[in-house]
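Enquirer: Let the hints inform the model, and build the full structure from the sequences given.
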Amino acid sequence: PTPIIFIFHLEELKLVLETRETIELGACVTYSEFEPVIVKYYPVLETYLSRIAGEQIRNIGTIGGNIANASPIGDLPPIFIAIGSTLVLRKGKKRRKVKTENFFIDYGLQDIKEMEFLEKIIIPINPKLHIFPFKISKRRDEDISTLSAVFSFEIDNNSLRNVRLVFGGMAGIT
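Residues 1 to 174 in the numbering used here are what the sequence shown spells out, letter by letter.
It should be emphasised that the hints constitute simulated quantities derived from the structure, not laboratory data.
On a predicted model such as this, the values are computed, not experimentally measured, just so you know.
A hint or two may mislead.
Claimed, not checked - Distance windows between CB atoms, simulated:
1) I57 with L17: 19 to 27 angstroms
2) I4 with L160: 40 to 48 angstroms
3) H9 with V163: 39 to 47 angstroms
4) F8 with R96: 17 to 25 angstroms
5) P3 with I155: 45 to 53 angstroms
6) P127 with Q56: 32 to 40 angstroms
7) P43 with I5: 32 to 40 angstroms
8) K94 with E21: 19 to 27 angstroms
9) H9 with I57: 16 to 24 angstroms
10) I136 with R164: 12 to 20 angstroms
11) I155 with K91: 39 to 47 angstroms
A virtual CB, placed ideally from N, CA and C, is assigned to each residue, including glycine.
Expert: Here it is as structure tokens:
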């Protein structure tokens with residue numbers, strides 16, 4: 001494909017902003033930059049994230065790339081859906097927000113309009129959220145998921161709330 005545009009050097013896409021309620025991550029944040037930030041709030045994800053690719057790939061592969069390629073076996077979409085994250089899509093100065101689970105429409109089809117790009121991911125910080133991530137692959141480490149599952153829920157007055165069962169690798173979309 002031509003032309004190829006290199007965007008990895010754009011500081012706006014390397015944003016890491018932590019507030020009391022959210023973590024905002026630019027689409028060019030690498031796995032290595034993402035992991036220490038997310039595990040501060042969701043420590044259970046550390047083992048799952050450490051199994052993604054090798055160190056070289058984690059140092060250059062981006063979270064935006066893992067989402068935007070929309071692979072049904074991508075490692076990060078199940079996590080972002082289970083946590084309830086939102087994607088910010090941008091075209092020029094216009095931005096729109098899409099819940100991560102609504103971004104994936106069908107195999108090879110995403111909710112992204114012509115000339116839009118994935119600018120950032122907004123992850124809610126929810127200390128009440130319980131998360132259980134699982135990854136099955138041919139090799140233990142440094143392998144793409146064959147199947148992934150991330151379960152999340154809150155407990156409120158002995159009842160489960162906000163229950164999410166998210167699977168990757170079972171259909172054309174996460």
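Enquirer: Hint by hint, say whether it matches the structure.
Expert: Hint-by-hint comparison with the structure:
1. I57 with L17: 19 to 27 angstroms: Holds, since I57 and L17 (Cβ atoms, about 25 angstroms apart) stay within the stated range.
2. I4 with L160: 40 to 48 angstroms: 47 angstroms, holds
3. H9 with V163: 39 to 47 angstroms: Check passed, 41 angstroms falls within 39 to 47 angstroms.
4. F8 with R96: 17 to 25 angstroms: 24 angstroms, holds
5. P3 with I155: 45 to 53 angstroms: With a Cβ separation near 51 angstroms, P3 and I155 satisfy 45 to 53 angstroms, so the hint holds.
6. P127 with Q56: 32 to 40 angstroms: Check passed, 34 angstroms falls within 32 to 40 angstroms.
7. P43 with I5: 32 to 40 angstroms: Holds - the Cβ-Cβ distance for P43 and I5, about 36 angstroms, lies within 32 to 40 angstroms.
8. K94 with E21: 19 to 27 angstroms: Once the Cβ atoms are compared, 24 angstroms apart, the range 19 to 27 angstroms for E21 and K94 holds.
9. H9 with I57: 16 to 24 angstroms: 19 angstroms, holds
10. I136 with R164: 12 to 20 angstroms: At 19 angstroms between Cβs, range holds.
11. I155 with K91: 39 to 47 angstroms: This hint holds: roughly 40 angstroms between Cβ atoms.
The structure fails none of the hints (numbered hints given earlier).
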